[in-house]
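A.B. asks: Below are the chains, spelled out letter by letter.
There are 2 protein chains.
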Amino acid sequence: MSNNVVIVGSVAYDDVETPHGARKDLLGGSATYFSISASRFANARLVGVVGNDFADADRSLLTTHNVDISGMVTDTSGDSFRWGGRYHDNMNDRTTLYTHLNVFERFQPAIPDSYRNEQFVFLGNIDPALQLDVLEQMDGPQFVALDTMNFWIEGPRRTYLDQVLKRVDGLIVNDEEARLLTDGRSILSLGRRLQDLGPRTVIVKRGEHGALLFHGDDIFFVPGYPVEQVIDPTGAGDTFAGGFMGYVARCGDLTLDTMKGAMLCGSIMASFCVEGFGLERLSKLSVTEIKNRCARFEALTRCPSLTL
Amino acid sequence: MSNNVVIVGSVAYDDVETPHGARKDLLGGSATYFSISASRFANARLVGVVGNDFADADRSLLTTHNVDISGMVTDTSGDSFRWGGRYHDNMNDRTTLYTHLNVFERFQPAIPDSYRNEQFVFLGNIDPALQLDVLEQMDGPQFVALDTMNFWIEGPRRTYLDQVLKRVDGLIVNDEEARLLTDGRSILSLGRRLQDLGPRTVIVKRGEHGALLFHGDDIFFVPGYPVEQVIDPTGAGDTFAGGFMGYVARCGDLTLDTMKGAMLCGSIMASFCVEGFGLERLSKLSVTEIKNRCARFEALTRCPSLTL
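So the protein lines, in turn, are chains A and B.
Under my numbering, the first residue of the first sequence carries the number 1, and numbering increases by one thereafter.
Under my numbering, the first residue of the second sequence carries the number 1, and numbering increases by one thereafter.
Hints are computed from structural coordinates only; laboratory data are not their basis.
Treat the hints with caution; some may be incorrect.
Copies of one chain are not kept apart here, so a pair can be met inside one copy or by any two copies together.
[Stated by the list, open to error] Straight-line C-alpha distance at most 20 Å; calculated SDA-like pairs for lysine to any residue:
{"hint": "1", "residue 1": "K24", "residue 2": "D218"}
{"hint": "2", "residue 1": "K24", "residue 2": "L61"}
{"hint": "3", "residue 1": "K24", "residue 2": "N66"}
{"hint": "4", "residue 1": "K291", "residue 2": "R302"}
{"hint": "5", "residue 1": "K291", "residue 2": "L308"}
{"hint": "6", "residue 1": "K291", "residue 2": "S305"}
{"hint": "7", "residue 1": "K291", "residue 2": "H88"}
{"hint": "8", "residue 1": "K284", "residue 2": "D217"}
{"hint": "9", "residue 1": "K284", "residue 2": "L308"}
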């Protein structure tokens with residue numbers, strides 16, 4: 001694996017409650033889930049900030065997955081980002097119990113010199129003004145995709161978001177965010193209107209129902225892999241993005257076949273993610289498990305030729 | 001096409017309002033949508049009742065699609081079943097404006113002698129006691145599937161529904177009906193519990209998100225075909241069932257490949273159905289249009305082998 005993917009986002013500690021139990025101080029954050037997922041396909045290079053509570057064991061977990069954390073700075077003035085959430089019975093609705101930004105509130109991404117020439121970049125869900133600033137620090141990457149959320153779409157920072165959308169190649173959002181960004185009754189018109197905002201490649205994630213890709217004039221659909229038990233959905237979206245970008249970086253091109261394969265990798269990795277609390281399933285995954293699930297996925301979805 | 005499929009269900013006139021307009025006196029009902037859809041793959045033989053308001057033109061529409069209506073009786077004591085509904089902006093929520101059962105309230109399905117030896121039967125959404133009665137009138141068909149609804153699942157007729165479920169081979173329901181019939185957190189456990197109620201073959205329809213098949217120990221997933229514009233969703237579920245059963249009857253066996261192809265036919269036919277009011281799109285469909293959409297569907301969903 002010679003290709004790298006840069007991820008700029010949050011590193012956090014999460015307290016999570018689901019119908020299957022509760023866990024405290026789980027290593028989380030968008031950049032963490034993204035990196036661990038992407039690292040199965042390419043080398044992930046993380047840009048983020050942690051506080052003085054960040055555990056050596058968690059640093060080791062990242063580095064043993066070949067995640068380059070030279071861009072992860074330690075701000076000793078406070079604790080790491082901490083988030084607490086509770087999932088309800090259907091696993092789709094969740095209540096945020098608290099959000100303590102801590103050192104993440106003052107996060108100013110500084111791209112290390114050794115990252116500036118990277119070709120594949122993911123701008124995690126942070127202030128769009130910071131996403132713009134990261135773009136300025138990079139030396140003309142081949143493919144930059146971004147994530148965002150309702151807070152930036154509906155709030156006063158929208159003007160920065162519109163600017164950064166004009167400059168990126170890809171957008172990876174969920175159904176709800178897509179509909180906040182623009183309108184469109186059918187999923188097809190929604191996708192095209194998102195492309196009109198700037199990115200040539202748009203992915204609309206639909207949770208357990210899979211995800212849709214709009215890549216230039218092409219469209220591709222990947223179903224969600226049906227899992228036996230959803231234990232904890234935290235990080236599934238970032239894990240999808242990590243699998244997607246990791247596979248694109250691995251292939252090193254932007255062909256439709258690469259994008260299709262990347263959609264499958266994203267869906268498969270997300271399906272593993274939800275099968276355990278935090279990173280417990282994702283971080284212990286073998287290549288054989290990934291390959292087997294890809295093969296199973298094909299059996300689940302490939303239709304024989306019809307007799308018409 | 002030598003194979004036939006028998007459908008027992010409603011024939012109705014619908015008044016429909018959607019964000020795209022309003023139409024009155026549309027030919028509708030579960031047996032109608034089912035028949036027109038199934039008739040693309042096999043000969044449909046309809047069992048139902050209409051009133052003295054039933055138009056000759058609508059009789060002709062059915063017979064020109066090779067739907068055998070010798071089992072559709074005319075009850076001159078009243079009007080046909082009439083339903084009025086309004087769809088809201090998202091096209092998923094609808095308000096029933098009225099339901100006039102009229103002659104359908106006294107419907108007692110009588111299977112014509114010429115239908116009794118048929119091998120493929122669909123029991124549309126009617127009183128489960130009547131579904132049981134239809135089974136008694138058939139001479140050991142190869143594959144019987146049924147549809148039902150919340151009214152029968154939650155009401156006092158549930159005991160009849162449980163009896164008929166034990167005797168049928170297939171169940172075709174939507175997500176919500178599936179969750180009313182049994183529980184199961186994941187879609188996989190839901191499917192298995194539905195199979196425990198009796199049918200070896202279970203299909204859970206998920207609207208625009210497609211449908212899942214449980215066939216013995218096998219599972220298969222078909223996404224919803226993304227349409228440009230949903231004009232009127234009325235009848236999409238019955239159209240899915242018609243495409244599914246029509247293709248099974250055409251193949252004449254219950255192999256997994258037949259079931260997979262049937263899922264695709266159901267999904268494709270439902271996608272055409274919603275593109276027009278009532279039957280306007282479905283009833284004017286060419287074989288070429290169906291084949292083209294199947295090919296397009298494959299391009300939308302077939303993933304190349306991964307480079308892992």
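A.B. asks: Please sort K291 with L308 into within, between, both or neither, judging by C-alpha distance up to 20 Å.
C.D. replies: Classified as between; 8 Å across copies, 34 Å inside a copy.
A.B. asks: When no copy is specified for K24 and N66, does a C-alpha distance of 20 Å or less occur within a copy, between copies, both, or neither?
C.D. replies: neither (25 Å within a copy, 64 Å between copies)
A.B. asks: Is it within, between, both, or neither for K24 and L61, if the alpha carbons may be no more than 20 Å apart?
C.D. replies: within (17 Å within a copy, 64 Å between copies)
A.B. asks: My question is about K291 and R302: at a cut-off of 20 Å on alpha-carbon distance, are they close within one copy, between copies, both, or neither?
C.D. replies: both (16 Å within a copy, 17 Å between copies)
A.B. asks: How would you classify K291 and H88 at a CA-CA limit of 20 Å: within, between, both, or neither?
C.D. replies: neither (32 Å within a copy, 43 Å between copies)
A.B. asks: At most 20 Å between C-alpha atoms: does K24 with D218 qualify within a copy, between copies, both, or neither?
C.D. replies: neither (43 Å within a copy, 38 Å between copies)
A.B. asks: Have a look at K284 and D217 and pick one of within, between, both or neither, based on CA distance no larger than 20 Å.
C.D. replies: So K284 and D217 fail the 20 Å test inside a copy (38 Å) and across (28 Å) alike.
A.B. asks: Up to 20 Å between alpha-carbons, please classify K284 paired with L308: within, between, both or neither.
C.D. replies: between (46 Å within a copy, 17 Å between copies)
A.B. asks: Within a copy, between copies, both or neither: where do K291 and S305 come within 20 Å Cα-Cα?
C.D. replies: Close across copies (11 Å), not inside one copy (25 Å); limit 20 Å.
The structure is inconsistent with the numbered hints 1, 3, 7, 8, although it conforms to all the rest.
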